[in-house]
Each structure stands twice: as structure tokens, then as C-alpha cells.
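Trainee: Each chain, letter by letter, is given below.
Number of protein chains: 4
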Amino acid sequence: MKAIVVTPQKPGVDIREIEIQEKGEIRVMTRLSGLCGTDRGIVNGDLDFARPPPGNDYLVLGHETLGEVVEGNDRLRKGDLVVPVVRRGCGECLNCKVGHQDFCETGKFTEIGIRGAHGTMREEFWDSEENLVKVAPSIGEIGVLLEPLSNVVKATRELESIQRRMLWRCEDSTYQCRTAVVLGSGPIGLLFSLTLKTMGFNVIVANRRPPSSVEEEIVKATGSIFINTSSEQLPEMDLLVDTSGHPSAFVPLLQKIRKNGALVLFGTTGKERAEITAEDVTRIVENNVVIMGSVNASKDDFQQGGNLLVTWKEMYGEVMSKFITRKVSVEEAPEVLEHKVPGEIKTVIKWK
Amino acid sequence: MKAIVVTPQKPGVDIREIEIQEKGEIRVMTRLSGLCGTDRGIVNGDLDFARPPPGNDYLVLGHETLGEVVEGNDRLRKGDLVVPVVRRGCGECLNCKVGHQDFCETGKFTEIGIRGAHGTMREEFWDSEENLVKVAPSIGEIGVLLEPLSNVVKATRELESIQRRMLWRCEDSTYQCRTAVVLGSGPIGLLFSLTLKTMGFNVIVANRRPPSSVEEEIVKATGSIFINTSSEQLPEMDLLVDTSGHPSAFVPLLQKIRKNGALVLFGTTGKERAEITAEDVTRIVENNVVIMGSVNASKDDFQQGGNLLVTWKEMYGEVMSKFITRKVSVEEAPEVLEHKVPGEIKTVIKWK
Amino acid sequence: MKAIVVTPQKPGVDIREIEIQEKGEIRVMTRLSGLCGTDRGIVNGDLDFARPPPGNDYLVLGHETLGEVVEGNDRLRKGDLVVPVVRRGCGECLNCKVGHQDFCETGKFTEIGIRGAHGTMREEFWDSEENLVKVAPSIGEIGVLLEPLSNVVKATRELESIQRRMLWRCEDSTYQCRTAVVLGSGPIGLLFSLTLKTMGFNVIVANRRPPSSVEEEIVKATGSIFINTSSEQLPEMDLLVDTSGHPSAFVPLLQKIRKNGALVLFGTTGKERAEITAEDVTRIVENNVVIMGSVNASKDDFQQGGNLLVTWKEMYGEVMSKFITRKVSVEEAPEVLEHKVPGEIKTVIKWK
Amino acid sequence: MKAIVVTPQKPGVDIREIEIQEKGEIRVMTRLSGLCGTDRGIVNGDLDFARPPPGNDYLVLGHETLGEVVEGNDRLRKGDLVVPVVRRGCGECLNCKVGHQDFCETGKFTEIGIRGAHGTMREEFWDSEENLVKVAPSIGEIGVLLEPLSNVVKATRELESIQRRMLWRCEDSTYQCRTAVVLGSGPIGLLFSLTLKTMGFNVIVANRRPPSSVEEEIVKATGSIFINTSSEQLPEMDLLVDTSGHPSAFVPLLQKIRKNGALVLFGTTGKERAEITAEDVTRIVENNVVIMGSVNASKDDFQQGGNLLVTWKEMYGEVMSKFITRKVSVEEAPEVLEHKVPGEIKTVIKWK
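Chains as they are written, first to last, in our numbering: chain A, 121 to 472; chain B, 121 to 472; chain C, 121 to 472; chain D, 121 to 472.
By construction, these hints were calculated from the structure, which means they are not laboratory data. Do not rely on the hints blindly, as some may be mistaken.
Identical copies look the same in the list; a pair holds intra-copy or inter-copy alike.
[Unchecked claim] With a Cα cut of at most 30 Å, we get these calculated DSS-like pairs of lysine-lysine:
(1) Lys254 with Lys379
(2) Lys379 with Lys391
(3) Lys122 with Lys254
(4) Lys317 with Lys447
(5) Lys254 with Lys442
(6) Lys340 with Lys379
Produce the entire structure from the sequences given, and follow the hints as far as they go.
Mentor: See below:
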């Protein structure tokens, strides 16, 4: 079958005919593959951790997937839409034993399309039921957003768990008195904005530039606000989510995080350093501020993300499909994998 | 009565005869006052936030107290040892309404001996029962450590609450597989080491210099290890507690915090900045690391701290009294308030 | 305006022209009123706790509401669909102070249409924004289910909070290995079945009789199973939810609750007693079983319930509207309030 | 070596010379064995679940132990006092995998001296370090109380976890406004009273008869109150702990449990049934009451229990040793195992 393959640490990407013997009782036909910074990092040879499965010299790319069951079982039937979880646990540490490979402690996990396991940028794959999450047929193509969304769900769920350390909800039991600022308006930033909005926060999406028209439309339709920080000051906030990875973007905002507030670190690709001062430390200490890094997701996060997509499809309708800014054929995939598409939110490869 | 008073923001400290009309149904005779960096910061005029009670032009110093009830009620009787809580809530925000003034959101709290309320460096004071924590008579003079300890209890309690985000306990339900490093070997550092040890952690106390003989004795007797970081490397750790306040001390250790680990920021007086890089951010994100600032304590933290002091007195006996490295008379107090006592762990003023 | 009124503790119900001076900056036109057992209990004079507002000798009935804003403000605009929360807190106890009047400890709360406050079975009412929950326009008429659903959301949220006492999720972080049995197939039973299904449980709805055709359709369409306990045995279960209120229904099932399982008590109208034996107690103790009673809901439970309705509307489409088995005019209301409608799931009054 | 052995389900108990090949790197000399109702139930042949280790036709009794290390390792040294945990996990279910065999779901655990594993009523035994909890030398003989106490610690810890479902602490962050009633004044009842007192509750110990002089002394010295329910009414309560196992004892008190309150079921040996009515169910539902059964303990519960014993020894001194109402020689053991000792709190066998 046709597959999009790379040789980790070597720049370049190919479409190739391959044959893979795989375990797993469910056969899935890939319908859409989403592209993200990790894929491009691997294609450009920049990511040290990318590696083929043991015994292979190539890696099939692809970890954002919308698939359709071709051969199933009692619980997953032919025609069901499914999304595979990305990380597969080590089986050794306590968190992996309880289905939380997102908190794996040994580092011996694999990640499809990234570390030690083939991805899903190919016509079809076999997987076991336990790694596949069924999504409602009604959500259709935006199901390809579930994988990135699952990571956002994990982060917000962990945030809520952490903030139980005191009373963080408002006088009416909701979050209506809390302001969240999301740094970055890429797909992750926008998915954070929708998730936090659904939780009840007042949400500001911030970037150093004006919004693209699609960004503007999504932010507006979902009841959030866009602030261009190159021309406007951010207000004080209870929650800051950084999707940029630039210390230079979030460190200067530490002084704007309110008492009992939190900073969620999600981005990792930033390059710009920043200096942290004793004043920053004092602010964190005196204000009981928490900073949390968050990575990956559990199967339950995928399932909750699936429910969110259904809700958003119903509430925001057409706006959700604006997330997919470009659909390319398999043949066009190498091009969009090698170079970022201008104005893109999510570029996807259409397999069938 | 005799009291130790300052004029906030003006360097200097006096012993003066004062008369104070106070609310509160319990009359308490001060027995010991502990000294800490905050007291000296106020005496030196360095702390912006220090302020007298409304309508006063002076502030009685003192927030680390061991007192004895002189006139009591049904629950607090004459002769009982008591320790007053420091922070008094704003009465407006949700956390203050539920007895968690340590998480006050309005900032309208007062703190005895620090912000807007007279402290206890005086022969006696009146207070209400709700602000007084009874301690077991058996612990005697080390009861003066309860106030600093309460802040440590709050921090570790919050840490445990936060770490419920995943499985952090070991295969046998304890913390025996976890290593905690405490930066700083002052009274707060040592109290953290004892608390974490009691919780079941393997504990390393670290400083940039060799331990003093008292530090060495306390660390050894309580089953922890001292590492002089100017000559020895710290190992990887699950928990890092900074009591130094210097970003330069803890930022370089971010790369040594293990997956799912935590950094507790407690110190605020540091001056040395540090640069945070994208690699640091990536480590925090990929490892699900949490950084939490912690300040102050609730009444319950005082009560739990009281239980800890009883336990430690029984387990470590004489070692606990080594914490009090010097006892001075009221007349000597200005001297030790103006200048740090060499080799000191805790210097106390003996009132009676 | 026209209103449906009762004199608490006196059987009977009237349609009457009334005028009410009310606080609240939002004017709401009632669109639909749902009927439940509590309404009928009040109409029949059976409920001791029903009482008019202070100074009134009558009570406007109605606590299940779908309304439309007629005069609004910045956050709630003309045309928005809203549902008022039922219980209004005492303002004195800690739980009410933090928006959890569902856990009110003083008992001094009011409940619209039930205790000390007029309900919404009238053409329109004024209320403050803080008591009104906005629902997505797309859900339309099934918004009238939000009030009963909110109580189910509270119960399952509390269940999850309680079950954090150990590991209750399955090896893949979901609830797919857990079986929940819901006793009773009325609206509350069916809403529990949908909520638990969405959470990931295997759900069995049980009753002592065969399902009505509507019950059968809803249960089937939402992926649950119906068991008629008069002819079939229930299997062992991890969760038992009783909506019947009959001790005779759930006590015999205590022996079928698995280790670490839970029994949620929700129903209160049952009459049939049951004997509890030492064997039952031993089962509860040895199996670490929890039994929890749950009543009422917070505003956040209404908001989460609103999200669930949106999800279900999208996933189950027409099936959701089957919940409303009969819509009557205001003039027909007394009839359906006095006598239970055969085969009913939810009977509603259409105001406009 | 000498051992106290039974043949499960056959009444009778013997002192016998046995030889056991055991795994485990630590050799422990038994110093004291505590006796409890389970031991006597096994000796009388009443307990169905008692069974010898696989391949054995006899069972060495004994699960309440105070031992001394004879051959140790780096962490447990010769002379250390140790207490072995009782239940050994199945290794299969999630809770056992994380050290919570007290929540074992498969039921395939063993329990020393009870189910499938030899107990410690013998001169010495080998065990692995992971099953042994070190206790402070200072607590001495009352270390034999640690095993029963561990179960109390588990129950109260679980209670606190469950009660996080709402605000249960008082306005000052403590439990000083909460009243706990403990039904039963045996060793478990008294250990509950001390634990709850240390947590900050107002504690009432209740029995159907006047207290013995020892019970009276312990209850008084630890600041609790004894109520003889045959002549005096219990007040309303926030927490009810049943150590009797009689439904007839706790069911009539359901109407006295306040809003948001809890009933902890711990006893299992009761025989007297009781009827539960719809009024009881309504009380549980309307008041958000929780009922929880609790059994066994994790290693961490033993460690926390060890800290409590140290605290109580320091605070209550001689009173703690009153718990041991009789010390018998090994030769006298069969006698006290067959018949309850009048006025006993804890009877112990002295091995050396």
C-alpha cells in the first residue's frame, strides 16, 4: 500500500509502496491525516527523538488520524469512524499500568508516526480495539482534530485537578469570573480557547500580529476575543496558556497572573529565551501561582474530546469546518509537509 | 507594657512602653518570639508591604510566637500553650470565607507584626480563640517553631493535592521511591526536610557550602543527607524545594527534575537572576512537571504542624531543641534583629 | 398574567390571574414547563415542605422551565433560551457561599415552585442573571429537560469525586469495564442512563415490568440495555443507581454490587421497606462499597447538563424529542397535574 | 519453632513445633501478638474465609504483630521494631498494582494468619522488606496496636477523600464544628476516637452500657466523651462510625446524621437486623449523606498510623499503655483465644 515515509534525522519525505505485518484485530482505512509541527520537524530532520520501529530503517509518518473501520469486531463495526491514540504505554510504570501513558515515567513508550512505531499516513492499518476511539458519525471530517484536541483536554483536566488545591470556581460555582489568556492562535491555541470557553471561562486569544480572517471568524463565533499584543496590552488574567514555547512570550506575563492563578505550558518549539528574576519568583510565591507542563493524552481524553467535537459541531456549525484550511491529495503531501502553508490552521491529507 | 516596635520603611527598632486596646477574649502572655528574615527586612526598612495598624504610626513586631494563656475560656484555659495564626482573612473572598486566608484573593488581609496589625513581640496580647492554636504542653519551647512550620505544612499539603493529578506514590503506596532535594539549610529548609522525611521521601538538604555542625547534626539525626553543591553534584530528583529565592539556584536544576516531578518555590529573598531557555520549557512540558509557589498557612496547617512537632520531639528528642541556636533577652533583641546571628538556625527572644 | 397556583398542603390546583412584584433584571417569557412527581405531590397536598413565599397564601407552581429572554442585559440578550436554577442558597453556610446551595447546611434555602418562592408556571417572570442558565438555541424544546438533568449531573459528578478514593477507571483510563444498573425508567432513570453512557459505562436500565415502546426506543438508540426484573435476573454491577426510592428494590441488590462499587440513592417517593442484615453490612464493609444520597444541583451542573443536551441532540437526534411524550395547553394543565399520564416520560405545558 | 496453629473451620487451637520455609530477606523475632475477634472467629471455626497456605493443612494464626529484626538489610537493621502488613495483593488488579491491596478487586489476595498465608503467632518469621513497616523505638509495646490502627487510618483517610465532594471543614479550616459519634468502645472504637480527635473532631464514644474504668480513663484522657445509649440520647452528628456491625445499632441513628454527613461502616460481626424505611432513604438523599464501608489498609496507612502512635505516646503518655489490658504467655494463649477476656481492650501474647 501507499505510505508517506521518512528516515528519521534525515531531511526529506517520500511516498512509497510498503507492506507491514501488524498486530491488532481491527483493520482501519485512513480517511484524513492532519499535519502538525512535529510532522514537519521530523521531515526536516530536526527532531532527535524521532525513530523507526525496531528492525526498520524507515518510519511511516502520521499521528493525527481520522479512520474508518473496514474489518471490526463486536464493539467496533465496519463503517465506524475511529481515531487511534498516539502513545502506547511502557507496561512497566504505574501510570502506564492504569492507562495513563501520558504520564509514563520510564520513557519506554512508543508513539505512532513519531517514536518507534509506524504512523497512519498510509492507506490502511491494523490496530487493537483498545487503541481506537470511536467518534460520532455526525462530526465527520472534523474528527481529524480529535488527536490535537485530546492533548488540550488532558491539559485542562489536569489543570482542574491541580486547582482543587483551593476554591477557584466563582461564587455561582462556575468559572464566569475567571479570565483565561491563550498565547498563540494556531490549531492548539484555538482548541484551547474553545475548551476553556465551554468550561465557562472568559477567553482571550493572543498573538503578536493581527488575526487572519479565519482566526478572527473562529474566535468571534465561539465568543472569545482576539488581542494583538504588538499593539494592545493584555489585561490581568487568572489563567495563562502558552502554546508558543517561547519563554520570551510568557515570562513577561508572570506579573499579570492573579492570585491562585495558573500558567499552562504546552508549546515546546520556541527559541526565544527570557530572564526570570527574583520579582517573578516572589510573584509566584506570594500569589500561590502554579505552572504546569502538559504533554500527550489518555484514551479517556480522546473520548471526552469526541464529546466536545459533537457539542461544538452542534453549537458552532460551519465554523468548525473552518479549522481545516486546506485539504491536499496524497501526492501533494510532501510539499505541505516540507513547508508550512501560509495562513494555515490545519492542513489535512485526504486518503479517500 | 514593654514591646518591640518599628516604624515601617524606616530603619531601626525600639523597645518601648506601649498600651494597646485590643479585641479578643483570650489574654496571652508571650513566652518566646522567633526571629526570621521578614522581621529583619522590616527592621532594615526594606519591605514595602510592612505597615502599622490603621491610625497607628508604629508597628509592634513579631509573628513567630509561643504564648501562654493567662485569661481563657472553656476551650483555652489558663496555662495552655498557644500559637497565634499570622494572617487574618479579608472576609470577602471565597477562600477567606472558608478559613483559607492563605489563599486570599483580595489582598485585603492583615498579618500580625507585618501588615496592618500589631505583632506579639510584647509582654502580652489579647486575641480571639479562633486565631489561637493550642499546642501540646510536652513540646515546650520548640512550639516557637510552629509558625514557620505551618507554612511548610501548607506547602506540602498543597503539593500532595496537586500531585493527585496522576499516580505519584510508589508501588507500595508510600513515597519510598521518591527523592526530594531541599535547597537551603535555614530553619525553613530543615523543617521541609523533616516534614518530607515524615511523609516518607528520601531527603537531601543542599547548600552551596558545608553544613554547620548543628545543621549536620539535625540532618543526620533525622535520616536525611546533606550535599554541599559547591563540591558535589546533586542527583536527579522527583521533588525540588527552593527556600533560597534565587532563580540562579533552582533554574539550572530544572533539567534534573524527573517525569511527573514538582518544584516548590518558597523563598522570596533571592537576588540572583537566571535565564530560562526553550530546553527548560520543553523539559517542563515533556515531563509533566509542576512548579508551585506557596505562601502562608491556614489554621489547620498550624494544627497539623503541632502534631508533627509532638512526633519529632518523641522521635528525635534533644535534636529538636538544637533548632534554637540562641535565646536572647528582650534587651538584647534589637541587636539580633538588626544583624543576622552567625551560625544561627533560629534565634528567639525570651519574654518570661 | 395567567399562572398555575396551589395552596400548599391543600389538594387542588388553579389557573389564576396574578400580579407579582419581583426582583431581577432579566424578564423571561415561559415557553415550556415540565411536570414531575414533586409538582403532583404538591397538587395532591402530600408534601409537607411545600410553602408559599413569605406573606403569600398561594404558591405559583413550576420548577422545570424553558424560558426565553424578553428583556435582558449584556450577557443575556432578548431571544436567548434560559433555564432558571431551582434552589436559591441561604447565604449563610459555606457551601451556599461558594455557589453550592445543593449542599446547603442550614436548610434555609428557597426553591422556586416548591419552598418559599414562586415557580415559573406562569406567562413570564423576572429573575437575576446569576440564577439563569443560557442554553444553546439548537437544542430547542428538549431544553425543558435541563432541570431534571442537572440533578443527574450533580449526582454523577459527586460519584466521580467520591470514587477518586481508589482506582475505579479501567486499564485504558475509561469506564468501559464497568457496569451500571439504573433502577427505574422514568425521565430521571433515562437521563442517568444517557449520562452514564456518555461517561463510558455499560448501562442497564431496569424496571419490574417490560419497557414501554418509547422507553425501549430511547434505551436502544442510546446503546443501553433494558432488563425487566420481574422475569430476568440482573448481573453483578459496579454501580447501582436507584431512582425508585423503594428500599425493597435496591436492598436485595446490595449483594450484587462489586468490590469498590457504589450505590447512588436518588429516589425518595418509595414506600416499600426492606430489612438490612449483617450480611449486607459485611458486603458493604468487605467490598469497600459506598452509598451516596444526592439531591439538587449547582449552576455549574446546569451548564454541564446543557452541554450534554447539545451532544445528545447531535448524536441521537429525533430520539431526544421522544422524552416529551405529551404537550398540553395551559388550560389542560390542572388535569395532567392531578393525575399521572399513562405511559408518560415527560409531560410539558406549552405556554407560547 | 513454637507456633500457635489452627485447622480452619475446625474449632480448636494448638501450640505446636513447626518448621516453615519462607521467602523474604528479613528475619523477624515476634515480640507481641495482639488478639482480635477475627482470631477468635477462626479458632471457633466460624469464619468461612479462613484457609491454610496452599499445600498446608494447618494455619499459623496471628496478624497483629510487633516484631524485632534479627537479620536485616540496609534499611531494616537488627534491633529495629517492625510490623508486617497483613494483606498481600493479587498482583493482577489495578489497585494491587499501586500498593492498594486494601482495594483489591479480584479477591485473590492473601492475609497472613487469616487467608492462605501463615501468620506471626510464632517465635519468628521471614518476610520481605516491602511488607514490613518500621516503627519508632520509643513507642515500645503499643506498637502492637499498629495493625488495628492501620485499618482506622485507612477508613478516615478514605472518609476525607470522599468528603472533598463539598466543603466539610469549618469556617476556620478545621473540623472543630463537627461532631463524630463512634459506636462501640472496643479497641477499634477507641482508636477511631483518638484518630478523629487528632483530626480535630468533637468525639463521642457510645455503647449500650456504662464504660469500664479503663474505657472511661482512655476516653477522658483523650478529650472525648462517653455516652451510655441505654440511658442517654445521642445528639445530632456529622459523622457516625459503626464498629459494632449491628444494623440495629446504626440504622435508627440515620435520622440523626446532619446534612452532608457520613456513616462509616467498619464492624462486620453484628447479628441484629434492622428495617430501613423510605424515610431513611429520604434522609440520606435530601441530606446528601454518604455511607462507606471500609476494610483493611495499605502500607502507607501503617506508616501514618505509626506517626499517630508516636504522637499519642507523647501526648497521652501512660494512658496509651492502658489499651493493653492483659499480657499472657504463649502457653496461656489458647485459653484467651478460645474465650473473650472480660473487660478486655487488647489482650496480647508475649513471645519474648
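Trainee: I'd like to know which numbered hints this structure contradicts. Please list them from smallest to largest.
Mentor: Nothing - there is no hint that the structure violates, so all of them hold.
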